[in-house]
Amino acid sequence: KQEVTQIPAALSVPEGENLVLNCSFTDSAIYNLQWFRQDPGKGLTSLLLIQSSQREQTSGRLNASLDKSSGRSTLYIAASQPGDSATYLCAVNDNYGQNFVFGPGTRLSVLP
Amino acid sequence: DARVTQTPRHKVTEMGQEVTMRCQPILGHNTVFWYRQTMMQGLELLAYFRNRAPLDDSGMPKDRFSAEMPDATLATLKIQPSEPRDSAVYFCASGRVSGAGNTEAFFGQGTRLTVV
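Those sequence lines, one after another, are chains U and C. Here the first sequence is numbered in our numbering, starting from 1 and rising by one per residue. Here the second sequence is numbered in our numbering, starting from 1 and rising by one per residue.
Same shape as in the complex, but just chain U (with noise of 0.2 Å):
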């Protein structure tokens, strides 16, 4: 069964830092693997959607990389700002897309 874990739990950074969240799943037998944005009482924005014969992808001043053999993902995000404040959750697509695997999510907050 697969299992999705990140770390940090929660982060809380100064604005302008550079940060990375990682994500790690137990199967690396995977479609592909999606990172999310969840503001409080909202839904989910899509961030980025890497397949999985990709190592990485790149929107504005977030960077996500693949380790599909290593079960590894990371999210970087650049110069982050107070706007970037939320909770990130990634998820693993496996089963011929029937399914979407959350992890437990990151709780980042960036401090003006």
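Calculated directly from the structure, the hints in this document are not laboratory data. Some hints here could point you the wrong way.
Said to hold, decoys possible - Per label pair, the in silico range of CB-to-CB distance:
1. U:Lys42 with C:Glu18: 20 to 28 Å
2. U:Gly16 with C:Lys62: 47 to 55 Å
3. C:Val12 with U:Pro82: 27 to 35 Å
4. C:Lys62 with U:Leu111: 32 to 40 Å
5. U:Ile7 with C:Ser87: 33 to 41 Å
6. U:Ser59 with C:Pro81: 25 to 33 Å
7. C:Ser87 with U:Lys1: 23 to 31 Å
8. U:Gly16 with C:Arg112: 17 to 25 Å
9. U:Ala10 with C:His10: 23 to 31 Å
10. U:Asn95 with C:Ser87: 22 to 30 Å
11. U:Ile7 with C:Gly28: 48 to 56 Å
12. C:Arg9 with U:Thr58: 31 to 39 Å
Backbone N, C-alpha and C fix where the C-beta goes; we use that ideal spot for every residue, glycine too.
Fit chain C to the given chain U structure using the hints.
Relative to chain U, chain C alone:
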């Protein structure tokens, strides 16, 4: 701006009542997911549809939960009878499975259910 639409956004009901949650997936998407989010369990898959056919509902308590897709523009999740332990945020997501099995999921804003 394509988005997944869920109604209602909030629902408070008494134990034993029927609850129906609705979801309009993004036009053209062939997959629909129902997830439940709680503080203790995080996000759990309840049901999955592809091309309107239910492929996986193993995450749902079968005696009280049911999920359907009457047509391509509407997915429903019903709880009957509802119980306090059903209190959670219920999310619908839709996506399109590629031939290689890749799917990008897009989530709605959720229905916050409180059963008293």
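These are the hints, each one checked on the structure:
Restraint check, U:Lys42 to C:Glu18: a C-beta distance of roughly 27 Å satisfies the suggested window 20 to 28 Å. A C-beta distance of roughly 51 Å is found between U:Gly16 and C:Lys62, which places it inside the suggested range of 47 to 55 Å. Under the hint 27 to 35 Å, the C-beta atoms of C:Val12 and U:Pro82, about 33 Å apart, fit the expected range. Distance hint for C:Lys62 and U:Leu111: a CB-CB separation of about 47 Å, inconsistent with the stated range 32 to 40 Å.
Between U:Ile7 and C:Ser87 the beta carbon distance is about 29 Å. The supplied range of 33 to 41 Å is therefore violated. Between U:Ser59 and C:Pro81, the C-beta spacing of about 44 Å breaks the proposed range 25 to 33 Å. Take C:Ser87 and U:Lys1: their Cβ atoms lie about 26 Å apart, and the range 23 to 31 Å holds. At about 35 Å, the beta-carbon gap between U:Gly16 and C:Arg112 misses the expected band of 17 to 25 Å.
Between U:Ala10 and C:His10 the C-beta distance comes to about 27 Å, which sits within the given range of 23 to 31 Å. Between U:Asn95 and C:Ser87, the C-beta spacing of about 29 Å keeps the proposed range 22 to 30 Å intact. Here the CB-CB span from U:Ile7 to C:Gly28 is close to 37 Å, at odds with the stated 48 to 56 Å. Between C:Arg9 and U:Thr58, the C-beta spacing of about 33 Å keeps the proposed range 31 to 39 Å intact.
Against the hints set out earlier in the document, violations occur for numbers 4, 5, 6, 8 and 11.
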